Structure formats: structure tokens, C-alpha cells
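Visitor: Given these sequences and hints, build the entire structure.
Chains as they are written, first to last, in numbering that gives the first Met the number 0: chain W, 0 to 195; chain E, 0 to 195.
Just so you know, these hints were derived from the structure itself, not from any lab.
All values reported here derive from a predicted model rather than from experimental measurement.
Please note that a few of the clues may not be correct.
The list cannot tell twin chains apart, which means a pair is met if one copy fits it or any two copies do.
Straight-line distance between alpha carbons at most 25 Å, and here's what the computed BS3-like set of lysine-lysine pairs gives [said to hold, decoys possible]:
#	residue 1	residue 2
1	K73	K20
2	K122	K158
3	K134	K73
4	K52	K122
5	K73	K52
The lines below spell out each chain.
2 protein chains.
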Amino acid sequence: MDTPLDRLTEQFRRLPGIGIKTARKLAYYIVQEPPERVDAFVAAIRNAKETMKFCSVCFNLSSQDPCPICSDSKRDHSVICVVETPQDVMAIERSGDYHGVYHVLHGALSPLDGVGVEDLRIKELIQRLNDPEVKEVILATDPDVEGEATALYLARLLKTAGIRVTRIARGLPMGGDIEYADEATLAGAVANRQEM
Amino acid sequence: MDTPLDRLTEQFRRLPGIGIKTARKLAYYIVQEPPERVDAFVAAIRNAKETMKFCSVCFNLSSQDPCPICSDSKRDHSVICVVETPQDVMAIERSGDYHGVYHVLHGALSPLDGVGVEDLRIKELIQRLNDPEVKEVILATDPDVEGEATALYLARLLKTAGIRVTRIARGLPMGGDIEYADEATLAGAVANRQEM
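Guide: Structure representation (C-alpha cells):
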């Protein structure tokens, strides 16, 4: 029973967060769509794959090099926000409050998964600090084990370079509920309490 | 901000069950994959779309015409199981217990969505009943409002043709819990109780 439909299902299943049932549903859907919509889908994949490259400065995904953020003179180039993935850049940009630039590590330190210092864009981050304009690095790696370890490693490394290093705040999310918050979040929120 | 990545995100978002967050995740994932994996994905889409056609007998999706089920002489061609979609054929085939043939309606009657009798493969089903070999039609449309209405309509239509018409049983699913069953399911399970 290895039909072209099964093979398409397998391809969908490889994608993150897609289980076997969703993969089957998507494969059946695609096959039953009008040809022009399938063509548009394939063209969008090809176009995105061919035009989106990594910015040679911050390693964010962009169709330009340097990316629009790195080449924007209105942004504050004295602050570099270090994140794990291009998706993180997009999330912070959507929040609309940050006006500095970014540096995408493309992962977090994870010895168990074989991800070490040389697998991340850390060397390139250090090189950017040679620019005397840079005054602060904000560590915005995820608040999980790997992200915390990466932040700790970078904090030690960058402080020796005499630069201001900060870490994004941890606390209760907006709309969150104290009753249902996990212990680590709640402990962090109390420890990081602020004057009113 | 209409980048090739945004356009790919939009394409993923069109697919059933894919929200904006999943669409973004998939678009970012695809763009960061090795080119050969993206090529394999695109080839699988193209191949499935080009080779999978509707069987001219039962209207199931297949790369052959008639499909392997319709052309299998070991199957019982006297029983036709009527379903809404090709996915339903696959689900019943996986259960492994049915050895008759199928007829795919490609939808269910839904006046509110503008789906009428002429939009489904009902005419083609009636034509198949001209074959004197056909003894029974099993109505296996979904147990929801549209599926029930379709089953009711077909039952009336087919009974006038003097053919045996049955409906798949409703009841509690295996591993189900009486306490959490909805009223309609429970009422149906009691009404359809069987001797032990």
C-alpha cells in the first residue's frame, strides 16, 4: 500500500507538530484541491526556499542581506538582543516595543543533543562586540534548561568583554493565573518583584 | 512585511486544521531545511497530485482506474458501502473487517452550505444498482446532522429500488466511558441494545 498518497503523507509527517492523522488529512486535502491551488502552494514553497537567506550580520532569515532590521539606521545598533531562532525575532518584533537589533544563535547549548558552542553563532556574536557602538546585549534565549544554560554561558563570556549583559525578565504571563502557575515561574515572579 | 515567508505561511494556513501559529512554524521549518528535503517534499506533492485520480466506478482516490478495490475479484461486489470521503474508505479498510466494495459521495447533503443532491455522486450510485449482482447498500455517512440527513435521503431513494439498505450502528466507542458519553450517543446505544 505504498501509493503516492502514502508518500505525501510521510512527507507531511516529517514536519514539526504534524502527527499521522493530520498528515493523512493534509495529503488527502492537497490531492483533492484544484491544480492551480496546488501549483500556488508549490510555488510558495520554492520561492520562500530560494529567496530567504540568513542575514550575514545577525543571521536572521531575510530575503535581503543585510536584513531590513540590520540595515535600518533608525534602529538602536547599540543594543543587541540574542535569541535562539528567527521565529523569536518575529515574536519580539510583533510585541512592537524593542528598537534595538538582533543576533540569532540558531539553537541553544544542549550537550545531550550534541549541540555545543561551535554549533551556535556565538563566534559571530563576539565579533560584533568589536564595534565600539555596542553597549548592551540582552539575552533572550528561552526560559528552559537549554536556554538558561546558554544565557549563563554567554553572560560569563560577554562580561569579560566589559559589556552590559541583561536577561529578559521571568514572571507570570499577562492574563495568567497565580493558582495555575508552575512553581518555578511563581518563585521567579516573587524573586523578581518590583516596586510600585 | 509581505515576504516570501509570509506568503508561504498564508499557503499553510489555508490547509485544514492549520492555524496561524502552526503555519508560521511550518514555513520557518521548510525554509531552514536542506534543499534536497524541500525538493523531496515538493516532488511528493506533485507526484501525488498528478497520479491520484478518482476511480470511475466508486470515486475513491487511486493511482489506478478502476481502483484496486473495485478491480479485486476476491471482494464481495454484492455489498456497496457508501461513505462521504476517500478518508472514510481508508478508515474502514484499516478496520480490516469489511470485504465488500465502496461508493464515495464526496460530501454530505448540507443545504446551508449549498450542497445538494446534484453535488454528490448519488446519480452514479443509482446507476451502479442496475447491476443485478448488488444486494445491499450500507450507509456509512458520518453520524452528524449532514450525514444522518444524507443517509435518510438515500435510504428512501434506494428502498424504492427494492434493495436492502442498512446503516452502520451507533453506540459507545470501544474504550469509551458511559459517564462521559453525550446524551445522543447514550440514547442511541440503549435503543440499539443487543441480546447477549
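Visitor: Within, between, both or neither: how does the pair K134, K73 come out at a Cα-Cα threshold of 25 Å?
Guide: Answer is within; shortest intra-copy Cα gap is 17 Å, inter-copy 77 Å.
Visitor: Are the CA atoms of K73 and K52 at most 25 Å apart within a copy, between copies, both, or neither?
Guide: Only inside one copy: K73 and K52 sit 23 Å apart there, 55 Å across copies, limit 25 Å.
Visitor: Given identical chains, is K73 near K20, meaning Cα to Cα at most 25 Å, within a copy, between copies, both, or neither?
Guide: Neither way: K73 and K20 sit 47 Å apart in one copy and 29 Å across, limit 25 Å.
Visitor: For K52 and K122, with the copy left unspecified, which applies at a CA distance of at most 25 Å: within, between, both, or neither?
Guide: within (19 Å within a copy, 53 Å between copies)
Visitor: For the identical chains here, do K122 and K158 meet the 25 Å Cα criterion within one copy, between copies, both, or neither?
Guide: Answer is within: at 15 Å inside a copy they meet the 25 Å cutoff, but 77 Å across does not.
In this structure, only the earlier hint numbered 1 is contradicted, and the remaining ones agree with it.
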